[in-house]
Amino acid sequence: MNNPDRISQFLAAVEELRGDDPAIRTTAHTSSVSAEGWPAAETQTDAEADG
Amino acid sequence: MNEPTAVFALAPIQRLQRSRARQIHTLLQPDAAQSGTARVGGQAGLEYAVAHHLLEGAEVAARAYDQDTFAWYTRTSAAGPTGLHTPTTVGLRIILAPDLIDLSRSKISETPYVLISPATTSAPQELCELAASAFSVAAEAGFGTLLAGHAAIVVVLRRKQLGDTLDSWTITRLPGTVFADHVDEPAVLARDLVHEAGHNWLNDGLAACGVKISDEMRFFSPWKRTIRSAFGFLHACWAFPLTMIFTARVLDELSDPVRAFMTAYLVQQRDLLAATDGDHARALALLPDDDLRQRLHHVHQTARDL
Chain G
1 MNNPDRISQF
11 LAAVEELRGD
21 DPAIRTTAHT
31 SSVSAEGWPA
41 AETQTDAEAD
51 G
Chain W
52 MNEPTAVFAL
62 APIQRLQRSR
72 ARQIHTLLQP
82 DAAQSGTARV
92 GGQAGLEYAV
102 AHHLLEGAEV
112 AARAYDQDTF
122 AWYTRTSAAG
132 PTGLHTPTTV
142 GLRIILAPDL
152 IDLSRSKISE
162 TPYVLISPAT
172 TSAPQELCEL
182 AASAFSVAAE
192 AGFGTLLAGH
202 AAIVVVLRRK
212 QLGDTLDSWT
222 ITRLPGTVFA
232 DHVDEPAVLA
242 RDLVHEAGHN
252 WLNDGLAACG
262 VKISDEMRFF
272 SPWKRTIRSA
282 FGFLHACWAF
292 PLTMIFTARV
302 LDELSDPVRA
312 FMTAYLVQQR
322 DLLAATDGDH
332 ARALALLPDD
342 DLRQRLHHVH
352 QTARDL
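First to last, the protein sequences are chains G and W.
Start counting the first sequence at 1; every next residue gets the next number (the numbering used here).
Start counting the second sequence at 52; every next residue gets the next number (the numbering used here).
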């Protein structure tokens with residue numbers, strides 16, 4: 001059984017683990033190829049946030 | 052010769068994955084004895100991906116003081132619940148197909164996502180078989196090493212029709228996990244797994260080699276048709292060429308209408324990639340790691356030569 005100390009210790013350790021690289025990036029890709037001229041509609045994003 | 056394999060085998064990435072998985076495992080199970088076995092290939096990739104799910108899930112449970120769920124995360128094995136495993140040519144994979152309404156949104160991602168939890172079940176059999184077939188197609192084309200290490204958990208999103216817009220994505224907090232629509236065609240899903248695993252590979256490669264890319268210079272991306280950071284531009288100039296190389300390698304094995312679809316995709320990508328030549332060389336110059344730079348250049352050039 002976990003106790004509050006165990007959870008607090010875990011959360012502190014998580015902060016420490018992530019401490020050296022807090023950046024969050026997302027790569028999202030949308031592709032579309034149609035039969036009518038095969039237009040491109042590609043998007044790709046990257047974002048950074050605290051975390 | 053399945054030449055792409057050599058591009059993806061990068062020792063610092065393998066060390067990073069083992070080290071990171073071990074760190075997370077120690078954090079979750081501080082009293083457990085560490086296995087001295089050096090995981091390799093698909094198993095290492097699976098444990099790396101699962102570790103990040105367990106870490107995120109345990110953190111959510113811990114912040115909610117949900118002790119039962121937290122306890123589940125701290126006792127789940129490194130490769131995840133065995134009931135979730137699907138055997139494939141690149142090793143055990145976890146294939147999920149959650150209801151879209153159950154996808155989470157939080158500050159860890161701009162896109163929706165799902166974490167392995169006590170309630171998680173495997174995707175239906177037909178989707179597991181589709182994914183397994185996609186892994187086989189990709190491996191046969193020389194992308195087995197890439198997918199073994201960087202597409203261990205596949206979250207199948209929506210069933211689309213050939214020609215529909217397909218969405219797929221990855222997030223850095225869940226390396227080794229790929230979210231993707233599908234059209235019930237292994238080769239098309241394999242193409243998108245290659246693309247997203249490519250993003251995961253590059254994120255790991257940059258981290259493993261300690262590379263930070265300066266965002267001072269920006270470049271026009273023909274895919275997004277906008278000016279992008281060097282990070283985003285280099286990602287696109289890596290992931291799209293990988294899908295071109297994959298597509299060129301599998302075309303002869305395909306039948307219409309998938310063959311016509313993939314042929315059109317390759318034609319489309321050739322034109323887009325051609326617009327990146329000068330900028331790609333300038334963006335690569337921002338990469339201080341010779342090995343990484345050479346690999347990115349090689350893939351870009353190989354796709355340009357198609």
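Be a bit skeptical, because a hint or two may be false.
Stated by the list, open to error - Here are the simulated SDA-like pairs of lysine to any residue, each with C-alpha atoms no more than 25 angstroms apart in a straight line:
1) W/LYS263 to G/ASP5
2) W/LYS263 to W/ALA57
3) W/LYS275 to W/VAL234
4) W/LYS275 to G/SER8
Claimed, not checked - Distance ranges between label pairs, derived from CB positions:
5) W/ARG276 to G/LEU11: 22 to 30 angstroms
6) G/GLU16 to W/PRO308: 24 to 32 angstroms
7) G/ARG18 to W/ASP153: 19 to 27 angstroms
8) W/ASP119 to G/GLU15: 28 to 36 angstroms
9) G/ARG18 to W/ALA83: 18 to 26 angstroms
10) G/GLN9 to W/ASP303: 33 to 41 angstroms
11) G/LEU17 to W/SER265: 42 to 50 angstroms
12) W/ASP341 to G/ALA12: 19 to 27 angstroms
13) W/PRO63 to G/ALA12: 40 to 48 angstroms
14) G/ALA13 to W/PRO308: 23 to 31 angstroms
15) G/ALA13 to W/ILE152: 27 to 35 angstroms
16) W/SER157 to G/LEU17: 17 to 25 angstroms
Stated by the list, open to error - Listing some non-contacts, in silico: residues in chain W with all C-beta distances to chain G over 12 angstroms:
17) GLN74
18) THR77
19) ALA109
20) GLU110
21) ALA112
22) ASP117
23) GLN118
24) THR125
25) ASP235
26) GLY329
27) ASP356
FYI, nobody ran anything at the bench for these hints, they're computed from the structure.
Note that CB positions come from ideal geometry on N, CA and C, so glycine has one too.
Return the numbers of the hints above that this structure violates; sort them in rising order. Per hint list: 1, 4, 5, 6, 8, 10, 11, 12, 13, 14, 17, 18, 19, 20, 21, 22, 23 and 24 violated.
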